[in-house]
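Undergrad: From first to last, the protein sequence lines are chains C and H.
Numbering follows this note's numbering, with no gaps: position 18 of the first sequence is 18.
Numbering follows this note's numbering, with no gaps: position 343 of the second sequence is 343.
Treat the hints as calculated values from the structure; they're not laboratory data.
You may find that some hints are simply not true.
Output of the computed footprint for chain H on chain C, the stretches with three or more beta carbons under 8 Å from beta carbons of chain H [to be verified]:
{"hint": "1", "region": "32-45"}
{"hint": "2", "region": "51-60"}
{"hint": "3", "region": "86-97"}
Backbone N, C-alpha and C fix where the C-beta goes; we use that ideal spot for every residue, glycine too.
In case you want the letters, here they are:
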Amino acid sequence: MVVPVSYYLALSVALFALGVIGVLIRRNVLVILMCIEMMLNAVNLAFIGFADYFKAVDGQMFVFFVMTVAAAEVAVGLALIVAIFRNRATVYVDEFNILKW
Amino acid sequence: MTLNIPSFNLASIGPWITLSIFAIAILLADALSPKGNRTAAPLLALAGLAVAGFQTISLWGKNGLDFARMVYVDNFSLFFYMVFILGTALTVLISLQYLKDYGKNLAEYYALLLFATVGMMLMAAGAHLIMIFLGLEVMSIAVYVLAGLFREDARSNEAALKYLVLGAFASAFLLFGMAMLYGAAGGTLFLNDLPGRLTAGFKPLTLLAIALLVVGFGFKVASVPFHMWTPDVYEGAPTSVTAFMAVGVKTAAFAAFARVFFLAFPTLMPDWTMVLWVLAVATMTLGNVVAIAQTNIKRMLAYSSIAHAGYLLVALVAANQLGAVSLMYYLLAYTLMNLGAFGVVILVGRKKDSYLSIYDYAGLGAQHPALAAAMALFMFALAGIPPTAGFVGKFYIFSAAVKAGYIWLAIIGVMNSVVSVYYYLRITVLMYMKPAEADLGPINFAPAVTATLLLTAAGVVLIGVFPGFLYNLALNSVKIFPGL
Chain C
1 MVVPVSYYLA
11 LSVALFALGV
21 IGVLIRRNVL
31 VILMCIEMML
41 NAVNLAFIGF
51 ADYFKAVDGQ
61 MFVFFVMTVA
71 AAEVAVGLAL
81 IVAIFRNRAT
91 VYVDEFNILK
101 W
Chain H
1 MTLNIPSFNL
11 ASIGPWITLS
21 IFAIAILLAD
31 ALSPKGNRTA
41 APLLALAGLA
51 VAGFQTISLW
61 GKNGLDFARM
71 VYVDNFSLFF
81 YMVFILGTAL
91 TVLISLQYLK
101 DYGKNLAEYY
111 ALLLFATVGM
121 MLMAAGAHLI
131 MIFLGLEVMS
141 IAVYVLAGLF
151 REDARSNEAA
161 LKYLVLGAFA
171 SAFLLFGMAM
181 LYGAAGGTLF
191 LNDLPGRLTA
201 GFKPLTLLAI
211 ALLVVGFGFK
221 VASVPFHMWT
231 PDVYEGAPTS
241 VTAFMAVGVK
251 TAAFAAFARV
261 FFLAFPTLMP
271 DWTMVLWVLA
281 VATMTLGNVV
291 AIAQTNIKRM
301 LAYSSIAHAG
311 YLLVALVAAN
321 QLGAVSLMYY
331 LLAYTLMNLG
341 AFGVVILVGR
351 KKDSYLSIYD
361 YAGLGAQHPA
371 LAAAMALFMF
381 ALAGIPPTAG
391 FVGKFYIFSA
401 AVKAGYIWLA
411 IIGVMNSVVS
421 VYYYLRITVL
431 MYMKPAEADL
441 GPINFAPAVT
451 ATLLLTAAGV
461 VLIGVFPGFL
471 YNLALNSVKI
481 FPGL
């Protein structure tokens with residue numbers, strides 16, 4: 001059985017939207033980072049779906065790069081969270097308010 | 001199974017290789033040298049930038065693709081290489097004393113600057129959306145770390161974290177746009193192939209992709225409504241990093257923005273110019289109006305940088321040859337005048353940034369006339385008053401808009417420039433016409449910063465009085481865009 005590309009796309013859009021909502025409404029910065037990861041994975045899914053549909057490898061290549069970059073970004077993000085936690089003992093974005101948003 | 005490795009010429013990415021090697025060498029030299037000896041790092045960084053500059057000049061005039069069509073080697077990217085190299089070199093110069101005052105003159109700072117520069121070059125030269133994405137992230141991740149350089153300072157932490165979270169959020173939009181474009185184009189992401197592949201049947205998907213790309217790039221260039229991070233991050237980050245972000249990141253993002261939109265979407269120009277028209281007007285107006293209310297000089301320069309992103313968007317909207325030329329000229333001029341202004345901020349700020357209010361500039365004209373004159377020059381340049389480079393850049397941008405038929409856009413732009421004169425001149429008025437509230441005390445004129453101020457001031461006047469050479473250089477570079 002072949003899964004049509006529209007199914008991949010629908011799932012990808014749904015995941016992406018959930019990620020966006022999560023970033024906007026959650027207040028814990030760790031959860032926000034996870035939501036961003038979810039958005040990136042939604043992108044990966046869309047790439048894979050299209051790559052399979054068009055039989056073109058660019059999309060699959062792109063997924064590897066996205067995963068690598070996401071890992072690097074999270075590494076830096078977690079390091080920053082550790083640094084900020086040492087100074088302020090909080091991970092809630094509402095309390096990061098020395099600088100006006 | 002045979003594996004064909006396409007032929008490539010390492011010389012076409014010479015500047016990237018040089019900068020990467022020098023960055024690694026800086027890290028190694030730091031690890032192997034006795035503790036506390038950190039004089040080598042900035043010198044190595046400057047040496048690397050000089051070598052990369054020579055390589056760029058020797059590549060000048062080439063026109064083609066390399067590395068299996070992944071990399072453009074053309075004058076457009078080489079022009080931007082030079083702007084990045086110049087911006088990074090001046091950033092190194094203004095950082096030295098500033099970081100020493102904080103006890104943070106770390107080798108990794110210079111290595112990260114070089115890595116970020118490589119990322120910018122990737123963005124300017126990327127011929128495939130993977131390259132542009134990778135460049136964007138190489139640059140951004142390095143800059144996230146730089147913004148959080150003062151680990152013990154809660155403001156620096158907060159700035160870095162806000163930048164990272166919002167930056168990653170915007171990158172996700174950019175990526176989703178690329179994925180949609182991949183679908184709309186039927187499985188290719190080469191910029192050269194895109195115009196032919198974006199057929200009318202997939203127009204909604206293409207438009208969605210363009211909208212998402214505008215969000216991603218709009219974030220990096222700090223355009224309204226994706227500008228919310230700018231003032232906070234500019235204020236919280238170390239001043240030298242703020243200068244680097246204001247000039248380097250913005251320039252790189254505009255280079256990629258222009259390349260992608262001019263090359264890949266010439267047929268959809270009416271659609272995206274309309275969106276960018278609105279963004280340009282909103283960006284200019286909000287940046288200039290809110291800048292008036294700022295009392296922190298770094299925050300004021302942040303809003304000023306938002307306003308300048310608006311002017312640069314006007315050049316994109318114009319989407320003609322003069323528009324592309326003015327974009328390149330203005331980004332170079334902006335690099336010079338903004339780095340100069342931040343150099344003055346660093347000098348006046350001294351002692352761990354204790355003098356960042358604009359009222360600390362009162363009486364500067366009497367106590368340090370040369371410094372005040374330099375600041376006045378940079379403020380005039382940012383406001384766009386002749387005979388500085390800022391005036392010529394704005395003149396090119398607005399004439400490009402008029403030429404393309406966007407008369408109202410040009411009028412709104414000029415009106416915005418008038419508004420901006422208010423807050424730029426306020427600094428000048430404070431410096432010359434108000435007595436100092438307290439004795440300013442001695443300013444430590446570090447030789448490197450003084451040299452930067454002299455260089456940028458000379459550059460701002462020189463390319464403002466004789467823009468012809470750069471104009472021809474840029475005109476020669478934009479021939480690569482067939483759609484303009």
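Undergrad: Closer than 8 Å Cβ to Cβ for three or more residues is the test here. Does the region 32-45 of chain C pass it with chain H?
TA: holds (count 7)
Undergrad: How does the region 51-60 of chain C fare against chain H when you require at least three residues with a CB closer than 8 Å, holds or violated?
TA: holds (count 7)
Undergrad: Please check whether the region 86-97 of chain C has three or more residues whose CB lies within less than 8 Å of a CB on chain H.
TA: holds (count 4)
In this structure, none of the earlier numbered hints is contradicted; all agree with it.
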